[in-house]
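Enquirer: Construct the entire structure; sequences and hints are all you get.
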Amino acid sequence: MKYYILLFFLMFLALHAGAQQDLSQLNLPREASLLEAIKQEAIGNLPKAAELFEKLAESQDSRSTALFYLARLYRKSGRHEDAIKAITECTRLAQSNKWFWVYQANLMDEYGRNQSAAEAYAALSRLEPDNYTMYDNAALRFCKQKNPEEALE
Numbered sequence: 653m654k655y656y657i658l659l660f661f662l663m664f665l666a667l668h669a670g671a672q673q674d675l676s677q678l679n680l681p682r683e684a685s686l687l688e689a690i691k692q693e694a695i696g697n698l699p700k701a702a703e704l705f706e707k708l709a710e711s712q713d714s715r716s717t718a719l720f721y722l723a724r725l726y727r728k729s730g731r732h733e734d735a736i737k738a739i740t741e742c743t744r745l746a747q748s749n750k751w752f753w754v755y756q757a758n759l760m761d762e763y764g765r766n767q768s769a770a771e772a773y774a775a776l777s778r779l780e781p782d783n784y785t786m787y788d789n790a791a792l793r794f795c796k797q798k799n800p801e802e803a804l805e
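Residue 746 in the working numbering sits at position 94 of the sequence shown; the count goes up by one each step and never skips.
Just so you know, these hints were derived from the structure itself, not from any lab.
Glycine included, each C-beta is placed from N, C-alpha and C at the ideal position.
Hints may contain errors.
[To be verified] Quick list of the computed label-pair ranges, beta carbon to beta carbon: (1) 745 - 681: 19 to 29 Å; (2) 795 - 699: 16 to 26 Å; (3) 691 - 732: 24 to 34 Å; (4) 778 - 733: 18 to 28 Å; (5) 784 - 758: 11 to 21 Å.
Expert: Here it is as structure tokens:
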């Protein structure tokens, strides 16, 4: 019985090692570009990071993720209108990603755009219907915008 277990373990180990080797041989240029852009942002080279994220945003596969990072980068750089455009396009492309909506709501709150923040929180309340904080946040922003009818919805 011991030998069967040992044989099984050795076979599994060999397959696992082969699978790891195959993954390391893959050429993943988009992922490498994304990691390079994040690295450039982390070391403070914001123009280079923006250039890389903008290039990634040209590809449909990585557009929403690149736009999310661009919105963060533009916010850091003080480019508020560009940040708003990037995060708005990001949430339009990936409507089911709650983290993109959370960032949009936070960004709109920060810039005092209550209507846009309320709409982002309303979208979040549809994504997470059991999270009543999102309903409260949407209602509060609609009231701040002097739009109580929408706050009651």
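Enquirer: The structure should be examined with respect to each hint, and the outcome stated for every one.
Expert: Here's how the hints hold up against the structure:
no.: 1; hint: 745 - 681: 19 to 29 Å; verdict: holds, 21 Å
no.: 2; hint: 795 - 699: 16 to 26 Å; verdict: violated, 41 Å
no.: 3; hint: 691 - 732: 24 to 34 Å; verdict: holds, 25 Å
no.: 4; hint: 778 - 733: 18 to 28 Å; verdict: holds, 27 Å
no.: 5; hint: 784 - 758: 11 to 21 Å; verdict: holds, 18 Å
The structure is inconsistent with hint 2 alone, although it conforms to all the rest.
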